[in-house]
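Residue 379 in the UniProt record's numbering sits at position 379 of the sequence shown; the count goes up by one each step and never skips.
Honestly, the hints are just simulated from the structure, not real lab data. Hints may contain errors.
What the hints assert, rightly or not - Beta-carbon label-pair distances, calculated as ranges: (1) Lys390 - Leu176: 41 to 51 Å; (2) Leu176 - Arg213: 37 to 47 Å; (3) Ser301 - Leu59: 38 to 48 Å; (4) Leu105 - Ser38: 15 to 25 Å; (5) Pro95 - Ser270: 39 to 49 Å; (6) Val295 - Phe96: 31 to 41 Å; (7) Ser158 - Met364: 30 to 40 Å.
Since we're looking at a predicted model, the values are computed, not measured. Ideal Cβ positions, reconstructed from N, Cα and C, are used throughout, including at glycine.
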Amino acid sequence: MAKTSKKKCHGWTLYALSFFSLSPMLMMGLAVPLWGVSLGIAPSHLGVILSARSFLPLLLSIYGGNLLDQWGVRRTLQVLAVLSMFIPLLYPVLPFTSALILLELFGGVVTAFVWMCAQTVLGQVAKGDPLYASRFSFAASMGNLCGPFLLGLAWGLSGPWAAFGVVAAWGAALTLLVVSCGSSFQGANTHVDYGSRSVLTTHLTALKTMRDRQVAFVLYTTFIRIAAYTVQASFYVVALDFVGQGKIQIGILVGIAGLCSGGFTMLSASVVRLIGSQEHVLVSGVALAILSIAVTPAFSSFTLLLVLAILHGAGMGLSMPLLLSLLSEAASSDTQGLAVGLRSTANRLAGVVIPVGLGAAINMFGITWGFYLIGFLLLVFLWLGWCALKPSQ
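Make the full structure from the sequences, and use the hints.
And the structure:
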């Protein structure tokens, strides 16, 4: 009885951690562009602000993932959860471009590392089991539904203070979770080397893992998938505002995409059984996510935008558990944090490149053609990566 109870508590903790750990990225991806638009910030400058959230995680994710393996998730989350409770409240206090860049720099590290912690726990528990990955992905997607919906509702009814307050409340809930149930997370290793030599060794070890074809395929596809996600978490909100959608409608569209993402994560395993290949389903899902987000500025009808949001969520949902399970399967049990760090580095590279590039494209060609261009380029790169890295049949 005791073992069963402990296992159930651990599963509940894992899924609750997933619910509260990914959604703040999407919530801030909704709040910050809306805040920037309300402040009258130009698209090119807004692109720099939005890319700042991924800059430090790009540099630190590999070493940070290694430290997660050594420190342990609980100790790391205790600090990150408290920070995630207070940083969002600084945004409406400091409505300046330079301040927003700094907040995105440090806030980006916090949100990225919280999600890395959650993925590390998944790798430690699931060890490649797609059922755990699907449930974990579903919980994350439910957070992506509830968080943006509540944020959009709060902004529409009470303005930016209420909206950023919703994100702070998410951080408070995460803090409560870590304090009350964090003891179920795996502990740290006994030795931690903080020196520069350890940094170099960590990065060399991480690069060596990319010799594995499966790891390289996952990382490349991760970059393309997160590029589509980054479009949604940056200028998607601006596009919806451009075609005349209100704050509450924008929150609903972002939330519906999260709901559909959650639903399709649970269908991912069934689709793989039907198609017969995880890699084919992964690439098809990513392609669907790109196409549906790229054509958004062409439509002003809420109904059509809702259909596109559903398709985008479907593509993201189908692909998410496959990325997680393929990567955790390829990594050993004592390098799950390092593997997550590699994947997070690919994520953050997309997070730095896409907002700046898309912001510049919008400045030059307008928002509609800027979206078309980024969608076309991502689909081309996805096809090239598939041709180069697809598993041998």
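Evaluation of the provided hints:
1. Lys390 - Leu176: 41 to 51 Å: Holds: the Cβ-Cβ distance is about 44 Å, inside 41 to 51 Å.
2. Leu176 - Arg213: 37 to 47 Å: holds, 42 Å
3. Ser301 - Leu59: 38 to 48 Å: holds, 42 Å
4. Leu105 - Ser38: 15 to 25 Å: 21 Å Cβ-Cβ, so the 15 to 25 Å window holds.
5. Pro95 - Ser270: 39 to 49 Å: Holds: the Cβ-Cβ distance is about 47 Å, inside 39 to 49 Å.
6. Val295 - Phe96: 31 to 41 Å: holds, 34 Å
7. Ser158 - Met364: 30 to 40 Å: Distance hint for Ser158, Met364 holds at roughly 36 Å.
Violated hints are absent here; each numbered hint is respected by the structure.
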